[in-house]
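Asker: Could you put together the complete structure from these sequences and hints?
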Amino acid sequence: MSKRGALDSFFKPTAPKKPKYESSTEKTHHASYPFSVPYLPSPFVEELGMCPAVADGTSIVDDPKYPDLDVVIHRPYIPSSISGGIFEFLRQELFFYRVVYQITRGGINATVNTPRYTTVFGVDETSRFSNGRLLDSKTNRPIEASRYKCVPRPLPACLETLKQIVEATTGETFNFCLVNYYADGKDSISYHSDDERFLGDNPAIASLSLGAKRDFYMKHKPIAPSANAPAQPEPKVLQLSLGPGDMVLMRGTTQKNWLHSIPKRAGAANAVGVGRINITFRKALVKAGTENYYQYNVGKGEVFKWGEKEGKMMPWSEGVAGTEAGAEHLDAAA
DNA sequence: ACGGATAAACGCT
DNA sequence: TAGCGTTTATCCG
Numbered sequence: 001m002s003k004r005g006a007l008d009s010f011f012k013p014t015a016p017k018k019p020k021y022e023s024s025t026e027k028t029h030h031a032s033y034p035f036s037v038p039y040l041p042s043p044f045v046e047e048l049g050m051c052p053a054v055a056d057g058t059s060i061v062d063d064p065k066y067p068d069l070d071v072v073i074h075r076p077y078i079p080s081s082i083s084g085g086i087f088e089f090l091r092q093e094l095f096f097y098r099v100v101y102q103i104t105r106g107g108i109n110a111t112v113n114t115p116r117y118t119t120v121f122g123v124d125e126t127s128r129f130s131n132g133r134l135l136d137s138k139t140n141r142p143i144e145a146s147r148y149k150c151v152p153r154p155l156p157a158c159l160e161t162l163k164q165i166v167e168a169t170t171g172e173t174f175n176f177c178l179v180n181y182y183a184d185g186k187d188s189i190s191y192h193s194d195d196e197r198f199l200g201d202n203p204a205i206a207s208l209s210l211g212a213k214r215d216f217y218m219k220h221k222p223i224a225p226s227a228n229a230p231a232q233p234e235p236k237v238l239q240l241s242l243g244p245g246d247m248v249l250m251r252g253t254t255q256k257n258w259l260h261s262i263p264k265r266a267g268a269a270n271a272v273g274v275g276r277i278n279i280t281f282r283k284a285l286v287k288a289g290t291e292n293y294y295q296y297n298v299g300k301g302e303v304f305k306w307g308e309k310e311g312k313m314m315p316w317s318e319g320v321a322g323t324e325a326g327a328e329h330l331d332a333a334a
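Okay, so the first sequence: first residue is 1 according to the numbering used here, each after it adds one.
Simulated from the structure, these hints should not be mistaken for laboratory data. Please note that a few of the clues may not be correct.
Taking lysine to any residue pairs in the SDA-like style, the calculated list, with each CA pair at most 25 Å apart, reads [as the list claims (entries may be wrong)]:
#, residue 1, residue 2
1, K221, P244
2, K312, R141
3, K186, E302
4, K213, Q102
5, K287, Q102
6, K186, R105
7, K236, T58
8, K219, T58
Answerer: Shown next, in the form of structure tokens:
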């Protein structure tokens, strides 16, 4: 029991707030986290047990209209009864970053402001977490201190839960979880491939969408004109609209041959406050993957946390009150 | 892999 | 449906 006296109790404004979702009191703590992260509420976990199998998704593979593409699309994957609640939960409970970094383009330095909020958890295959400590995957001994310049973070239990569900569905295994928050239609990611060497040759990447619906475009990489077959027409763009609970599994030769993007969008449907969370699971094979992901998804910048009152991501710092302000409608089963 | 410039496409009246 | 403001796609530094 608390040591609170009568006076304190008297001045305490009101009875305890009603929780927005039945949150467990259990949280994942780790020295690398700015604050601890609650477990996924158990009603969500139970419902997630009934997610579809890969076979239930729509496959696009060996399709002459989309050469070299290999994707499976589930619309939705997470049932609509809980996708809204899981979105609210993650937006509220995770910490995010707005990474700024320097690149050299055309010989000159440029500053890039990542146009979305990001956060990342995981470590490549050369290491694994055991009770929050990093061990060498082969020897099971603690890793040497010099192994990483960054500080790898274990997945919090709530994301570990989602990872396990997605692994069971896809038959893949993952060791990284990247989370993006697109606050509105101005947040985006331009065309790119997840074709880094550290993911291996034909990486499988599972991508979960939560919250606002956004366009997701995929287009074939430019086909190099060769001597005997000049100027091929590019295959047409595959335009998907990803809504809450949808999942896209990209695998095989997809990353080698295709680009994907979440383009900027104007209009009321993408107004401020209409946020989307994207969670991708992937497997980094070597150290370079760990360094890369922490550099570009955590960086050195300030921490952001969802401000319920403000309705947007707010700078967070240790000991600053106000981040507990509660929403009411979180078990919004719709 | 960003964002400003620009041209093309869209969509409302 | 021409006209025009808005949105989108592409180029490029």
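Asker: Which of the numbered hints are not met once you compare them with the structure shown?
Answerer: 1, 2 and 4
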